[in-house]
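Novice: Protein sequences appear in the order of chains A and B.
Mapping of the first sequence onto our numbering: residues 36 to 201, in sequence order.
Mapping of the second sequence onto our numbering: residues 11 to 179, in sequence order.
Since the hints were made in silico from the structure, they are not lab data.
Check each hint, because a few of them may be wrong.
Pair ranges (Cβ atoms, derived) [to be verified]:
(1) B:Lys100 with A:Arg185: 23 to 29 Å
(2) B:Lys148 with A:Arg76: 39 to 45 Å
(3) A:Ser54 with B:Gln31: 18 to 24 Å
(4) B:Asn134 with A:Arg185: 29 to 35 Å
(5) B:Gly55 with A:Ala169: 44 to 50 Å
Cβ-to-Cβ under 7 Å is the rule here; a few derived chain B residues that face chain A [unchecked claim]:
(6) Tyr24
(7) Lys25
(8) Leu33
(9) Phe36
(10) His38
(11) Pro41
(12) Gly78
(13) Val80
(14) Phe81
(15) Met94
(16) Pro97
(17) Lys100
(18) Val104
(19) Ile153
Quick list of in silico lysine to aspartate or glutamate cross-link-like pairs, DMTMM-like style, CA-CA up to 20 Å [what the hints assert, rightly or not]:
(20) A:Lys157 with A:Asp124
(21) B:Lys100 with B:Asp144
(22) A:Lys81 with A:Glu39
(23) A:Lys183 with B:Asp144
(24) A:Lys157 with B:Glu20
(25) B:Lys160 with A:Glu39
(26) B:Lys160 with A:Glu118
(27) B:Lys148 with B:Glu103
(28) A:Lys183 with B:Asp70
(29) A:Lys183 with B:Asp49
(30) B:Lys160 with A:Asp107
(31) B:Lys160 with A:Glu115
(32) A:Lys183 with B:Asp106
(33) A:Lys183 with B:Asp39
(34) A:Lys81 with B:Asp39
(35) B:Lys25 with B:Asp49
Even glycine gets a Cβ: it sits at the ideal position worked out from N, Cα and C.
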Amino acid sequence: MINERQLIAALQHGLPLVSHPYAVIAEQIGSTENEVIDYIRLMKEKGDIKRFGIVVHHRQLGYKANAMVVWDIPDDRVDELGECFGQFDFVTLSYRRPRHLPDWPYNLFCMIHGKDRDDVLKNLDLMVQHCNVAAFRHEPLFSNRCFKQRGAIYIHSQDDKQASKA
Amino acid sequence: MTVESIGHNETRQYKTELIQQLLNEFQHDFPLSATPYADIASKLGVTEQTVIDLLSELNDQKILSRVGAVFRPNRVGASTLAAMAVPEHKLEEVADIISSYPAVNHNYEREHHFNLWFVATAENVEQLNAILADMEQKTEIRILSLPMEKDYHIDLGFPLQLIQGGHHD
């Protein structure tokens, strides 16, 4: 039997780099290699896992620039345009989020990556033309300093708390 | 792309190509088999140990975040994107306070009036809200919480073009 919470807790730090990594995870949670593999496959099929594989830090690979582009899109068009933005390779996220008026008028967010700032702006231009959104108020928020970046930790064990202080 | 000091240019080129192939082909469709690294190795025409060594090296260089899962937002636990407008002279101090919370995984400066952006994740909404309230109290700065309402696209894997030989920090 798989305890899903335990499996997620074991997976969130990544698969170990050993010959039988799923067996190691299984041992940590009192399960079997096959059960772990089948359960990950099931979570992928259900869409609970969007992607399973190698996760890289883009900045270390020369993708220095990213901008979170925020848009004020009429509510009745946000679904259509959110999908339109998501078609591009260089867009890694396209989300609807709440406005907070008057401070924050934007309801659609997408993340655009590029080698440098010009590359990101060029990609943004491409998107603006393709999705025909020049008329909607938007701002690119370029990232500057990165203070912290790691995979999401959903479940905090005592060990995690210690690890995250390190 | 950092490649260990291998004298031979061809060897270095080969290694960069191997890494590029590894990263591009296995951000998705990572083998769900008993011996995934051996399966990757046979597709790349190298040994299992080579694949494990390459990934370990990428891990040491902080290029590899992990081999693992990207969960559907809010499927597991609760998370939010939060923004703060921090006076420039206090930015580092406030950023350090925010980063010190285990619940925070990304914490970036962005060029905007709202200049500090972070993602916080907890087991449930109550815990998440308690953490945000605690942060507001500690920093005395209001937090704008912008939880995802709908995802149109999440895919943190995209085609990578490695720059051969250069070291980019």
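Novice: State for each hint whether it applies.
Specialist: Evaluated hints:
no.: 1; hint: B:Lys100 with A:Arg185: 23 to 29 Å; result: 24 Å, holds
no.: 2; hint: B:Lys148 with A:Arg76: 39 to 45 Å; result: 42 Å, holds
no.: 3; hint: A:Ser54 with B:Gln31: 18 to 24 Å; result: 21 Å, holds
no.: 4; hint: B:Asn134 with A:Arg185: 29 to 35 Å; result: 21 Å, violated
no.: 5; hint: B:Gly55 with A:Ala169: 44 to 50 Å; result: 48 Å, holds
no.: 6; hint: Tyr24; result: 18 Å, violated
no.: 7; hint: Lys25; result: 15 Å, violated
no.: 8; hint: Leu33; result: 6 Å, holds
no.: 9; hint: Phe36; result: 5 Å, holds
no.: 10; hint: His38; result: 5 Å, holds
no.: 11; hint: Pro41; result: 9 Å, violated
no.: 12; hint: Gly78; result: 4 Å, holds
no.: 13; hint: Val80; result: 4 Å, holds
no.: 14; hint: Phe81; result: 6 Å, holds
no.: 15; hint: Met94; result: 11 Å, violated
no.: 16; hint: Pro97; result: 16 Å, violated
no.: 17; hint: Lys100; result: 13 Å, violated
no.: 18; hint: Val104; result: 10 Å, violated
no.: 19; hint: Ile153; result: 11 Å, violated
no.: 20; hint: A:Lys157 with A:Asp124; result: 13 Å, holds
no.: 21; hint: B:Lys100 with B:Asp144; result: 18 Å, holds
no.: 22; hint: A:Lys81 with A:Glu39; result: 14 Å, holds
no.: 23; hint: A:Lys183 with B:Asp144; result: 19 Å, holds
no.: 24; hint: A:Lys157 with B:Glu20; result: 34 Å, violated
no.: 25; hint: B:Lys160 with A:Glu39; result: 24 Å, violated
no.: 26; hint: B:Lys160 with A:Glu118; result: 11 Å, holds
no.: 27; hint: B:Lys148 with B:Glu103; result: 11 Å, holds
no.: 28; hint: A:Lys183 with B:Asp70; result: 17 Å, holds
no.: 29; hint: A:Lys183 with B:Asp49; result: 33 Å, violated
no.: 30; hint: B:Lys160 with A:Asp107; result: 15 Å, holds
no.: 31; hint: B:Lys160 with A:Glu115; result: 12 Å, holds
no.: 32; hint: A:Lys183 with B:Asp106; result: 9 Å, holds
no.: 33; hint: A:Lys183 with B:Asp39; result: 28 Å, violated
no.: 34; hint: A:Lys81 with B:Asp39; result: 15 Å, holds
no.: 35; hint: B:Lys25 with B:Asp49; result: 19 Å, holds
In summary, the numbered hints that this structure violates are 4, 6, 7, 11, 15, 16, 17, 18, 19, 24, 25, 29, 33.
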